[in-house]
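Enquirer: One-letter residues, chain by chain:
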Amino acid sequence: RKEVEQDPGPFNVPEGATVAFNCTYSNSASQSFFWYRQDCRKEPKLLMSVYSSGNEDGRFTAQLNRASQYISLLIRDSKLSDSATYLCVVNPWEGDSNYQLIWGAGTKLIIKP
Amino acid sequence: EAQVTQNPRYLITVTGKKLTVTCSQNMNHEYMSWYRQDPGLGLRQIYYSMNVEVTDKGDVPEGYKVSRKEKRNFPLILESPSPNQTSLYFCASSDPMGYEQYFGPGTRLTVT
Numbered sequence: 013r014k015e016v017e018q019d020p021g022p023f024n025v026p027e028g029a030t031v032a033f034n035c036t037y038s039n040s041a042s043q044s045f046f047w048y049r050q051d052c053r054k055e056p057k058l059l060m061s062v063y064s065s066g067n068e069d070g071r072f073t074a075q076l077n078r079a080s081q082y083i084s085l086l087i088r089d090s091k092l093s094d095s096a097t098y099l100c101v102v103n104p105w106e107g108d109s110n111y112q113l114i115w116g117a118g119t120k121l122i123i124k125p
Numbered sequence: 036e037a038q039v040t041q042n043p044r045y046l047i048t049v050t051g052k053k054l055t056v057t058c059s060q061n062m063n064h065e066y067m068s069w070y071r072q073d074p075g076l077g078l079r080q081i082y083y084s085m086n087v088e089v090t091d092k093g094d095v096p097e098g099y100k101v102s103r104k105e106k107r108n109f110p111l112i113l114e115s116p117s118p119n120q121t122s123l124y125f126c127a128s129s130d131p132m133g134y135e136q137y138f139g140p141g142t143r144l145t146v147t
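Chains as they are written, first to last, in our numbering: chain A, 13 to 125; chain B, 36 to 147.
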């Protein structure tokens, strides 16, 4: 079993719709969680951190479910510019540093006009 | 402008010919890291460095070397490249807690 698993997609979603996808992780001791966005052939960029209490940034909401060991990303009112691959990232260590992150393979999202 | 730069961006080489991919950051970050990204797999860490002269192996270090003689630079060295090292490589840097990783634009390497 992979340490961090994501549905590769693609998720084909009409513009304006709401879309959500999950990421499961295997290490219950994991401490830090992030969503990164990666455009085609470009470098990943931090989208948002995932806190225990959840995190909302505009149209994006991230949630953590420790009991079931998954994090989720919800995108409301999707825009064409949201088309990208979304990478789930987990810090599996109990320490504070995020030096050795575990990366999911990503979920590809395509927003259609 | 805060950035991480990598060179070259694209490289086609032959098996066994030593190469170096440079990485430089201007954010005075202590932590730097190299990843490779292959289709269907997540980013896999090759090596990382927590400060000058401090480097450590990541998940897939075989066939790679690194050095950290200066804080801003973290070159990746392939002494004898092989076709299974064909991949997209990213350099990243971050503050000491690693809260946000800043990535370079990537180097697409093909080894024939």
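Worth flagging that the hints you see were computed from the coordinates, not collected in a lab.
Note that the structure is predicted; figures quoted are calculated from it, not measured.
Hints are supplied without guarantee of correctness; some may be wrong.
[What the hints assert, rightly or not] Keeping only pairs whose Cα atoms sit at most 25 Å apart, straight-line, the calculated BS3-like set for lysine-lysine is: (1) B/Lys53 / B/Lys106; (2) A/Lys54 / A/Lys124; (3) B/Lys92 / A/Lys57; (4) B/Lys53 / A/Lys57; (5) A/Lys91 / A/Lys124; (6) B/Lys53 / B/Lys104.
Enquirer: Checked against the structure, which of the hints given earlier come out wrong?
Expert: Of the numbered hints given earlier, the structure breaks just one, which is hint 4.
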